[in-house]
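Undergrad: Chain residues, written in single-letter form:
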Amino acid sequence: MIKNRNLINHYPYKMRMLLFVCIIGLGNITSGTAQELLNVLDQEYPDTPQYELATFKGSRISIGHSVENRRKGVLDIVHMQRYWNIPNATTQNFIADKLNARVALEYGITDRLTFGAGGSTLDGIFDSFLKYQLVRQRRDHKGFPLSITLFQNGSYKSKRITKGTEDWSDRLAFTTQLLMARKFSPNLSLQIAPTLIHRNTQLLEQDPQTQFAIGFGGRYKLDGHVAIVSEYYYVANPLESRTTYGAFALGVNWEVKNLLLQFQLTNARNMVEDAFITQTINNFNFEDGNFVFGANATVSIQLFNKKQKDTK
Amino acid sequence: MNKILVFLLLFLGLCSFEAAEPPEQYITRQGQISFFSYASAENIDAQNNQVLSILDVSTNQIAVSMLMNGFRFKKSLMHMHFNESYMESDLYPKATFEGRISDLDIPLASEQTRLIKGVLTIRDIKKEVDIKTVITHVDTDTYVLEGNFEVSIKDFDIKVPPVLEPNIAKTIAIKFRFEYQPYEK
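In order, the protein sequence lines correspond to chains Y and C.
FYI, the numbering for the first sequence is 0 to 311, going by numbering that gives the first Met the number 0.
FYI, the numbering for the second sequence is 0 to 184, going by numbering that gives the first Met the number 0.
Simulated from the structure, these hints should not be mistaken for lab results.
Some hints here could point you the wrong way.
What the hints assert, rightly or not - Heads up, simulated PhoX-like pairs for lysine-lysine below, C-alpha to C-alpha not over 25 Å straight-line:
hint : chain 1 : residue 1 : chain 2 : residue 2
1    : C       : 93        : Y       : 141
2    : C       : 126       : C       : 93
3    : C       : 93        : C       : 153
4    : C       : 169       : Y       : 256
5    : C       : 116       : C       : 174
6    : C       : 131       : C       : 116
7    : C       : 73        : C       : 93
8    : Y       : 256       : C       : 93
9    : C       : 169       : C       : 125
10   : Y       : 256       : C       : 125
11   : C       : 131       : C       : 153
12   : C       : 116       : C       : 93
13   : C       : 73        : Y       : 256
14   : C       : 174       : C       : 158
15   : C       : 131       : C       : 174
16   : C       : 73        : Y       : 71
17   : C       : 158       : Y       : 256
18   : C       : 93        : C       : 174
19   : C       : 169       : C       : 116
20   : Y       : 97        : Y       : 158
21   : C       : 158       : C       : 73
As the list claims (entries may be wrong) - Here are some chain C residues the structure puts well away from chain Y; computed CB gaps all over 12 Å:
hint : residue
22   : 35
23   : 80
24   : 102
25   : 104
26   : 114
27   : 126
28   : 135
29   : 136
30   : 137
31   : 139
32   : 141
33   : 145
34   : 162
35   : 172
36   : 176
The structure displayed is predicted, hence computed values, not measured ones.
Even glycine gets a Cβ: it sits at the ideal position worked out from N, Cα and C.
Construct the complete structure from the given sequences, taking the supplied hints into account.
TA: Here it is, written out as structure tokens:
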């Protein structure tokens, strides 16, 4: 080191400057390597917002709706089933005593708005819903940390509710949900859903006509195609006329291509929001009559084969 | 002895001055990369029109960078599956390439076919690749690079469940086209 300095000092000032410039110049040779070019490119990315993809994969976590909407032009054909046994029955039914099946169509009107309608066999409930995504969680940790979707449904129960004469409108019930979810990691997503349910007719006078509930749901992805999901609904002012329990589900979601299969162990026999959230009359355990096995199959079809647009 | 050293340094310095001249860098922000998977059950193709690339004609170095979720599919569900189930874009948002064009003569008299040797990085897995490219100098300010190559999904540890094997090709054909303009910092 000292030897070098002596060497430099040996030359007149001009020469030293030249040397200095040369040495600085040497540094420039390394510029323009591919790695440095990549660093340049990293600065060149436009500042377009990056949104989280797929907080959940299906429009339902397991039994209840998730924040997810289908994209524009996608039609979902949904078939849901629930099986359970009658307690203490000496029946000879194949697999299960009772079955409730729901068939529904759900269509993405825009990327944020989904419309769906379906019918279930138990109590003959027909339902339709609109789901609108208000806020999308951003991946780049800017903006709002949650995805928020507004859900509104209306259902019509074709089975008689009371013995008296009823109007058509007396059989209607409405559910409003504010679905709020966050994707915490690529694998873990959690959802909380304040819910308001209004029924036009109560079974008994003392039953509340409007009920509040709050839903909790989560998913943990095991790999690209399989996830474990769970949900629980807590009702703040349950029915007075009979004992009800919070709907619970523990399930597995499996997805292959455009088919989403959701299997669940649950206590909810119904599949329409107002019915299963507030009118689940059995608690979750494995006794006959309480235990319900469920399966949802959703096939997604892209009706309009228009290429996706670039985000601007 | 000292004189020789000075001349050597001077020489090196001059070389570096050449490299430090007004940057001979060209950039594209709308590069196009598309991929095709030809499998027995279905064909899948997607295109990314927002690929970034920079070309340094003084050193013949080239770098490419893109967001995996920038690929656009015919079906929106495919976009979700591609990012969520296969590429894991949450964990590995970008794919990059860094390389060097062999024997590139600038200025280009006519269309040239050259080999780019470099490293392709997808899902944080690096793989050395040689890519044949056609370089054209469209006008004084524009260079166009075009070409195609293939990658094996195995090389980048992309897992396909057995039930979906007929749907996804083992080698994916990739096509690219970059139109470069002078880079102003």
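Undergrad: Next, verify each hint and record whether it holds.
TA: Results of checking the hints against the structure:
no. : hint          : in the structure
1   : C:93 / Y:141  : holds (19 Å)
2   : C:126 / C:93  : holds (15 Å)
3   : C:93 / C:153  : holds (18 Å)
4   : C:169 / Y:256 : holds (17 Å)
5   : C:116 / C:174 : holds (16 Å)
6   : C:131 / C:116 : holds (9 Å)
7   : C:73 / C:93   : holds (21 Å)
8   : Y:256 / C:93  : holds (24 Å)
9   : C:169 / C:125 : holds (18 Å)
10  : Y:256 / C:125 : violated (28 Å)
11  : C:131 / C:153 : holds (22 Å)
12  : C:116 / C:93  : holds (20 Å)
13  : C:73 / Y:256  : holds (14 Å)
14  : C:174 / C:158 : holds (22 Å)
15  : C:131 / C:174 : holds (11 Å)
16  : C:73 / Y:71   : holds (12 Å)
17  : C:158 / Y:256 : holds (14 Å)
18  : C:93 / C:174  : holds (17 Å)
19  : C:169 / C:116 : holds (23 Å)
20  : Y:97 / Y:158  : holds (17 Å)
21  : C:158 / C:73  : holds (22 Å)
22  : 35            : holds (15 Å)
23  : 80            : violated (8 Å)
24  : 102           : holds (17 Å)
25  : 104           : holds (18 Å)
26  : 114           : holds (15 Å)
27  : 126           : holds (15 Å)
28  : 135           : holds (21 Å)
29  : 136           : holds (19 Å)
30  : 137           : holds (21 Å)
31  : 139           : holds (21 Å)
32  : 141           : holds (18 Å)
33  : 145           : holds (19 Å)
34  : 162           : violated (6 Å)
35  : 172           : holds (18 Å)
36  : 176           : holds (16 Å)
When held up to the earlier numbered hints, the structure conflicts with 10, 23, 34 and fits the remainder.
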